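First to last, the protein sequences are chains A and B. Take the first sequence: its position 273, counting from 1, is numbered 276 in the numbering used here, and each next residue is one higher. Take the second sequence: its position 57, counting from 1, is numbered 63 in the numbering used here, and each next residue is one higher.
Careful: at least some of the hints might be erroneous.
[To be verified] Here are the simulated BS3-like pairs of lysine-lysine, each with C-alpha atoms no more than 25 Å apart in a straight line:
hint: 1; chain 1: A; residue 1: Lys35; chain 2: B; residue 2: Lys315
hint: 2; chain 1: B; residue 1: Lys453; chain 2: B; residue 2: Lys63
hint: 3; chain 1: B; residue 1: Lys315; chain 2: B; residue 2: Lys328
hint: 4; chain 1: A; residue 1: Lys380; chain 2: B; residue 2: Lys142
hint: 5; chain 1: A; residue 1: Lys63; chain 2: B; residue 2: Lys28
Keep in mind the hints are simulated off the structure, nothing from the lab. For clarity, every value in this text was computed on a predicted model and none was experimentally measured.
Below, each chain spelled out in residue letters.
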Amino acid sequence: MGEDLRQVYDEVAKCNRCGFCQAHCPIFDITKDERNVARGHNAHVRSLIEGELEISEDFKDPLFECLLCKACVANCFPAVRTERNVVAGRAEYVRRVGQPRTMRFLFHRLLPDPVRMGRFVRLAAVGKNTGITRLARALGILKWFGKDFDRVEGLVERLPTRFFRERARTLRLDGGAGRTVAYFVGCGFNFVLPDVAEATVEVLVKGGARVRVVDNVCCGLPAYGYGDLEAARALARKNMDALEQVDAEVILTDCGSCSAFLKEYPELFEESPEERDRASRLASRVKGFSEYLAEDGCPSPRGHGFRGKVTYHDPCHLSRYQGVVGQPRQVLRGLPGVEYVEMPEADRCCGAAGSYNVLHYEQSMVVLDRKMENLRKTEAGVLATECPGCLIQLRYGVRRASLPVRVAHVSELVREACS
Amino acid sequence: MARDALVAELERIVGRENVRSKPVDLAVYGYDAGLATGRPRAVVFVQTTEQVAQVVKTLYKKGVPYLARGAGTNLSGGTVPPDGGVVIETARMNRILEIDLENQQALVEPGVFNLTLQNALAPHGYYYAPDPASQKVSTMGGNVGENSGGPHCLKYGVTSNHVLGLEVVLPSGEVVWLGGRAPDTPGPDLVGLFVGAEGTLGIATKILVRIMRAPERVVTMLAIFESLESAGQTVSDIIAEGIIPATLEIMDNLVIRAVEESVHAGYPTDADAVLIIELDGLADGMDEQADRIMELCEKNGVVSARKAKDATERAELWAGRKGAFGAVARLRPSYLVCDGTVPRTQLPAALAAVREVGRKYDLMIGNVFHAGDGNLHPLILFDARDPDEMARVHKAGSEILKICAELGGTISGEHGIGTEKLKEMAFVFRRADIEFMRAIKAALDPKNLCNPGKVLPEELDAALAA
Ligand SMILES: Cc1cc2nc3c(=O)[nH]c(=O)nc-3n(C[C@H](O)[C@H](O)[C@H](O)COP(=O)(O)OP(=O)(O)OC[C@H]3O[C@@H](n4cnc5c(N)ncnc54)[C@H](O)[C@@H]3O)c2cc1C
Ligand code: SF4
Ligand code: SF4
C-alpha cells in the first residue's frame with residue numbers, strides 16, 4: 004500500500020452498498036451505527052478521495068473504531084477489502100492530521116529496538132515512572148502491562164521476569180537431522196508470554212528441527228494497523244535483513260498476527276518492485292505453528308497432558324487473513340485424550356484486535372462477553388488459540404466470567420502431550 | 007443557528023449520544039442500496055415509541071422533513087433523505103416483545119432483523135413466511151415499508167399478507183394502532199394501506215405479525231436447462247398441474263457463471279438456466295409431487311436434475327441463489343435491479359425484450375427471478391463512476407419497466423418506488439389513481455414532511471407526458 008489514498012479508489016468503488024456487512028460486523032452489532040460498518044467505512048474513504056469531505060479530527064472515531072477483523076470481507080460478495088481501505092484511511096489521517104507523540108515514539112523508537120523496548124516494558128510494569136505509565140496507557144499494545152492502568156488491570160496476570168530472548172540462550176535448539184527452521188519471535192511472546200515461545204521451540208526441537216532464533220524486531224503490524232505505513236515499512240525492512248541472514252527452509256512464528264503480516268509484506272511494498280520481490284521470496288516460506296505441524300507432523304505424543312474437552316478460538320489473523328482454519332483443529336484432535344469440541348462462532352473476533360481493547364474498552368468487553376457465552380456452551384476445560392493478543396484477552400474474559408477454563412496456546416498443549 | 011437549536015431540541019428528547027450532526031457522521035446516512043444519494047441535517051437514534059412521537063412532533067412543529075430508516079438496504083432511494091431532512095434511525099429499537107405460539111403471533115419492534123425473528127422462532131418449530139434475500143440484514147420496519155417479498159412468497163404471499171397490526175406514529179406525532187390481534191378488525195384495511203407506503207404515511211413502532219408452524223417436510227430440487235424457454239415452460243407446466251411449490255426461482259447464464267465463480271455451487275457454466283424448486287407442507291403425497299415435477303422437467307429436456315437428500319444439501323442448492331445478487335455484483339462495481347413483474351405467461355417475451363435492451367444500450371444484464379410469480383429481477387451492471395454508462399443504465403432501466411407494464415405487469419414486485427422509479431409510476435397508474443394516492447397522503451401528512459418526494463411523483467404532468 005502506498006502513500007496515496009487514491010490507490011484504494013477501485014477497491015472502495017467495488018462496494019455496491021448492499022449493506023449485508025451489517026450482519027457480520029462485531030462492532031456494528033453493538034452500536035448499530037453506520038459509521039462502524041464496512042459500508043460506512045468505504046463511503047467515508049470514498050468521500051475523502053472524491054473530495055466531498057476533508058480529513059479532520061472528526062474522522063478519528065469512525066476510522067479507528069474497526070477491529071480489522073475482516074468478518075465483513077469474508078461475507079461480502081464482491082469481497083471488498085474493507086480492512087485495507089480502513090488502514091488507507093488511517094494512513095491518510097496520520098499523514099494529514101497527525102498522530103500522538105506517544106504513538107510516534109512507540110513505532111519509530113521503541114519497536115525497532117528490542118533492547119530499548121525491553122527496558123521500557125520493565126519500567127512500565129513496575130509502574131513507578133508516571134511519564135512512562137502515561138505512555139503505556141496511550142500505547143494500545145502495551146495493554147499487556149496493565150499496571151496502574153485501572154481499567155485494563157487484569158489483562159496481564161503475571162509479567163515474566165525474563166524475556167524469551169534471554170531464556171533462549173540456554174535452550175536446546177538443535178533437534179538433529181530435521182529441517183532448519185527460522186523462529187521469528189513475536190513481541191507478545193517475547194515480552195509477555197515467553198512460556199509459549201519456549202513450548203514452541205521445544206516442540207520443534209522434539210520433532211527434529213534445527214531452530215535458529217531470528218534476530219528480528221516487531222513485525223510492524225501495530226504500526227500498520229494504526230496507519231503509520233512509514234514505520235511499518237522500516238520495521239519490515241529490518242526484519243527482511245534479519246531473515247535473509249538465516250539460511251532456513253521455513254520461517255516459523257507461533258504468533259498468528261506476525262505470520263499474517265509477514266505474508267502481507269509484499270503488499271506493503273507494492274510500489275517498489277525490488278523490495279516487493281524480496282518480500283515475496285520471504286513470505287512464501289512463512290508458516291504459523293499449526294500450519295507447520297499439520298504439514299510436518301507432530302513429534303510423537305506420549306499421552307501426557309490434558310485429557311478432556313478442548314475447543315479452539317480462531318484468531319482473525321489466522322482464519323480470515325491466512326485461511327488457516329483446519330490445521331489447528333487437526334493438531335488438537337491428534338492429541339491423545341483430547342476430545343475436540345467446536346465452539347459456536349469460533350471465528351468471531353474476541354475483541355482484542357491490537358490495541359482495540361484498551362482504546363475501546365467497553366465495546367471490546369461486549370464482544371468478549373459473547374465469546375465467553377459461546378465458550379460456556381462447549382463445556383470445554385481448555386480453550387486453545389494461537390495469538391498472544393487473543394490469549395491475553397481470552398484469559399481476562401475467562402477470569403471475568405469465572406469460567407473454570409484454561410486458555411492455552413496450541414503449542415503448550417502439544418508440548419505437554421509430548422513430554 | 008436554527009440548525010443548532012433543532013439539534014439541541016432533538017438531544018433533549020433522545021439524549022446527546024443519540025443525535026449526530028457532524029458532516030462526517032451525516033455522510034453515511036445519505037445513501038441506501040440504490041443509486042441516489044442525499045445529505046441529511048441530523049440523524050436521530052430512537053429507542054421507544056414515545057421518543058419517536060416526540061421527535062416527529064418537534065419536526066412537525068418546525069416544518070422539518072424526515073424519514074424512518076431501518077437498515078438502509080432498500081434498492082429504490084427510499085431512505086435517501088431530502089436535503090436538510092432528519093433521519094430517524096430505528097436500528098436500536100430492536101426487541102422481540104412477544105412470541106405467542108398459541109395465537110400464532112409475534113410482536114416486534116421495527117429494528118429487528120427479519121432473520122433474528124426467524125432464529126427466535128425456529129426452536130419453537132415456527133417461522134415468519136416473508137423471506138427477502140436480504141433477510142439477514144433487512145429490518146421488519148423496512149420490510150413493512152417496502153412490502154417485501156422473497157422466494158417463498160409464491161405460495162405464502164408478501165409482507166402485507168402477514169402483518170396483523172401496527173402501532174404507528176402518524177405525521178402529526180399522534181400514536182395509533184391499526185389492525186390488531188383479532189382475526190378481522192372492523193372498518194377498512196388500514197394495515198394494508200400502511201404496508202408498502204415506504205414510510206410516507208407514518209412510522210411503525212410496533213409490528214404484530216402472523217407466524218406459522220414450520221412445514222412438516224421440505225423437498226428442494228435443482229434442475230439445469232439448456233434454454234431459458236424450457237425452464238420457463240417447466241414452471242408453467244408445474245403450475246398448470248395444480249402444484250403450488252413454495253419456490254420457483256430461475257437464474258440465467260450470466261448469473262450462473264458469476265455464482266459459480268464466487269460460491270462454487272457446482273452449476274455447469276454453459277447452462278442457460280438453473281431452476282430451483284422447493285415443495286413444503288405435509289409429508290403425505292410430497293414424494294409423488296416431486297416425482298411428477300421431475301417428469302415435467304424431463305419432458306422439457308432438462309440437462310440434469312438433483313433432489314437434496316438432507317438439510318446440508320438443501321443449503322448447498324440454495325447457496326447459489328442466495329449469493330446470486332452479490333455474485334453478479336462482482337462483475338462490475340455497481341448494479342441496478344429492475345424489479346418489474348409480468349404475468350407468468352409473459353415471462354419468455356419479457357426476458358427476450360430485456361436481452362434486446364441490453365444489446366441496444368451495450369450493457370451487461372443478468373436475470374435472477376421469482377419465476378413462479380413473474381417477478382423479474384434484471385440486474386444491470388455498470389460502473390457508477392462512468393457518467394456515459396450511467397445515462398445508458400437509467401434509460402435501459404426505465405425501458406425495461408415500460409416493457410413490463412406493456413406486457414400487463416407492473417414496475418415493482420417488491421423493492422418499492424422510492425425516488426428511483428417516480429417517473430415510471432405513470433406507466434402503470436392514470437392521473438386519477440395518483441391523485442387519489444396524493445389525497446390520502448395529504449390528509450395524513452398535510453405539511454408533506456414524512457418521507458417526502460418518495461412514491462408519488464411531484465411533477466405528475468411531466469411524468470404522464472413521458
Ligand atoms: C442484495 C439485496 C437483496 C434484496 N433482496 C430482496 C428480496 O428478495 N425481496 C425484497 O422484497 N427486497 C429485497 N431487497 C430490498 C430490501 O432489502 C428490502 O426492501 C427491505 O425490506 C428493506 O429493509 P431495511 O430495513 O433495509 O429498510 P430501509 O431501507 O431502511 O427502509 C425501507 C423503506 O421503509 C421505510 N421504513 C423503514 N422503517 C420504517 C418504519 N419503522 N415504519 C415505516 N416505514 C419504515 C423507509 O422509510 C424506506 O422507505 C434486497 C436488497 C439487497 C441490497
Ligand atoms: S462492503 Fe460488501 S457487504 Fe458491505 S455494503 Fe459494501 S459490498 Fe455490501
Ligand atoms: S473489519 Fe471487522 S470491525 Fe472492521 S468493519 Fe469489518 S467486520 Fe467490522
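Hint numbers not upheld by this structure, sorted from lowest to highest
1
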